[in-house]
Amino acid sequence: MSKAQFRIGRRRLLVLSGAAALLQACSAPAPRAMPTQTTAPAQASSSGPGDWDKILSAAKSEGAITVNTFPGSANQTALAEFSKAYPDIKLEQTTLVSSALAPKILQERQANIFTWDVLHQPTTTSLQVLKPAGVLDPIKPAIVRPDVTDDASWRDGFAAGLALTTDMQLAYQSTLVRAQNLMIDTAQVGPDDFKSAQDLLNPKWKGKIVCTDTRISGSTFFPFTLARLKYGDDWMTQFFQTQEPVIINDGAQIAQLLAHGNYPVAIGAIWTVLQDFQKQGIATTIKQLNLPDIDSAGPSTNGTLWLVNNAPHPNAARVYINWFLSKEGQEAWTSITTDNSRRTDVTPKDDSTFVPRGLSLPDLNEEKYLPEIARTQELAKQLIK
Amino acid sequence: MASLTIARPLPRAYRLEPSAIAGALLLVALGVTVVYPVLLIVLQSFDVAGPGQPHVWSLQGWQSALSEPLLRSSLLNTITLTVVKQVITMPLAVAIAWVLARTDLPGGNWLEFGFWVAFFLPPLAVTQSWLLLADAHYGLINQFLAGIFGVRQGPFNVYSFWGLVWVDVVTGAFTVKVMLLTPAFRHMNSTFEEASRIVGGGSMRTILRITVPILMPTILVVLLLGMMASLQSFEIEQVLGTPFRFFVFSTMIYNLVESSQPSYAPAAALAIMVLLVGLALIWLQLRMTSRRQFTTVTGQFKNQPVSLGIWRWPLLAVLMLIMLIVLVTPVLLTVAGTFMTAFGFLNIAHPWTLDNWGAAFRDPQFVRSLTNTLQLAFGSAAIGLATYALIAYIVVRSRFAWRRGLDLVSWLPFTVPGLILSLAMLSLFLGVLPLRPLYGTTWVLILTAVLTGMPLGVQILKGGLLQLGAELEEASRVAGGSWWVTFRRILLRLLGPSLLTVGLIVFVSAARNASYVALLSTTANQPLSMLQLNYLAQGKNEIASVIAFIVTLVSVGGACIARAAGFRGAAAI
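Keeping their order, the protein sequence lines are chains H and R. Numbers given in our numbering equal positions in the first sequence, counted from 1, plus 1. Numbers given in our numbering equal positions in the second sequence, counted from 1, plus 43.
Bound conformation, chain H alone (with noise of 0.2 angstroms):
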């Protein structure tokens, strides 16, 4: 046989060469089955002084805390307090809106990386995706002044903010908020023309209200979940299909329309928006409605903590919390954000999402709704044609 025939292309070799090295660099770890959630841990006796100052050195010498929040300028401003309270902590903050958080935090756990320590999140990405995937622990435990946890301090109670889930220890609602889904233009609406959400049916409105897309966004899903429980799905069907409502998914496009006087009907639109308007001189004829059929209160974007399991900073994420959820956070906080505190030592910035005393409203921010908003979304998928 002759040295040709035993002879390995070296191109052959090459390629195979290039086959086995793809093969080893695709090779990435199992993916993990991700860490189930823990059972809610026996309630922390209350802490004494030596125990925070023990957390207090401990999160000194980790040096740093990792936060996510909404997108916002006003946001960084206020958390940049926390660094002024506590200089030895680096504040590391994110601004990545639900969708961006959440393929990232599974990702980067499923490679073993942990970059957050807090996050300040609404409630239904955090339900519906981060605490099937484990990646919540509960809060409670890591709420340890006595400041915070005074029931005074609180509007209903201390407790009461932890009422979003029902193990009552996942999550802590900090502010409270009147929901703002439903604008009007008065130059364009009758002081009578609205009254329940069956005025959203009148035929006079159809090609006219303009909305966000119910099978994303809150301001929409929230309120026609409400709508659907009282009146059925049919309310839902014939506003889709009767009324032929303008869906926009950016709430502040939504806002800028109905400035120019687009439409005279809102829901969603971002009500800061039309508040930085108004102090130009502008949208002035542009109202807040509370229709009380799909009236709602719960916590601002923000205004609501989860801890991270296997936060990389732990003890600096529970005096973050703590100094969040304490006055002097809870002041700095709604200072520059205009949100309203659910502490009574703290005066409300925003007379126009300000919920009265005595004011018992749906939050359907708890997770008991879930499901019903799932069934809204469901629904709005069928509908939007």
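According to the in silico footprint, chain R covers these stretches of chain H (three or more CB under 8 angstroms from chain R):
| id | segment |
| --- | --- |
| 1 | 72-79 |
| 2 | 105-111 |
| 3 | 247-257 |
| 4 | 280-290 |
No lab work stands behind these hints: they were computed from the structure. Built from N, CA and C at the ideal position, the CB exists for glycine as well.
Following the hints, put chain R in place on chain H, whose structure we already have.
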């Protein structure tokens, strides 16, 4: 009697060609960085478990995708929009490229530069400009015309199919084609056209029967790139299409992924459908161009401009009008937006302010984002150019056995919708161990920008190489030049305009792209495009306009450098 001995061929000397080594290494690299993410997307389409949950393999994702209520209408809308845009932009771009590159039109170089700058404008900023002009209720053009004719409402409505087509065309679908076709037309040998005229062919006949067929590879590539880009186009369709319920594939995918309970399996299934359409188009293009010669630059290359005669000034006027629409108007409105107190409102007490610029510069993220953007843009352009040139050379000039596979793989990033690709890239950088140290650094963004720019970069350089006759390199080698000397002193110089165009496109795309970087950016490596998005999300359109304008300035700065280098390079040929 002498016996006959059958002659046996001498054993062939096996020689390891550098192109084979380079080709194999590139294939491995692309296999990891391109094929692997695409395979992940395919797998994702069969995994119906919730995010972060243990895998559950099922066909339910495909069933959900195929039973989506909007599937049929979105498919039809996507195809309609794609066809209409290409029918409008392609002939126009070919005509303009011919005028700019092959005639004695005065100011042709400046007009060409104008098309480059028009391409640099961020699509969202341009969309906002046209909203300001053509919104049915408050658009400035509508208000003006309604006032003149005494009617309640003007005739234009940007929230309509034709409004969508218009904005898509003027935001880049058209200008990028002019950018890509002009260098190819410039490389056209005049002797072909002269031969046509000698036998009695007029200008139009020469263009249609000589020029266009010779440049068919480039034209087909540009057409294909335009169609692929249109299939994936998202931002403008999301802003303008959703309000009147004009849904396309990309907005369908967005709705599935952006939900509070994301449905990745059906979203991946829809992305695979787009990918399959893309692969079919690519196969068609490869087949149409594989068996013909398209050499235009030979040893006897001559570039003699065609005289326009009496058509000079009318054509110049038409092109100036086009410049007014695609460049001047959006730039003026974007700049105006940076000084508006409230974007779009001019009838208030103090409509103008400098505060937006102050707010942008005072943002603690601004300087870091600007630095990141410059690193990202220059890094992507440099690495991208080197990579694309190497791939194009191997595909066109080498005998590497798997060069067709390399060519096909280089197309893949363009066949996957941006949102799904960004999820796959996140998996890539976290899942492949050697790449994990890059996660969280600017290198992640650079590599992503290089990968996403690869289809366009490789194909344009391929088109340029196909135009170059082999005898030019052979002459160099005969004269004693090594491969590197030939590559550097002959090929790179002749390819100069194409290289500059590709480098600039990668530079600009890296500087302004947000969709690919959204999941990969962190506070540390965040570029200006993410800062702009954050401001838009807060409704601070005025500050977002400032950021958009600064991104444009960065891009124009890069273009000026490249253009200056390009002029020197062109003069040397």
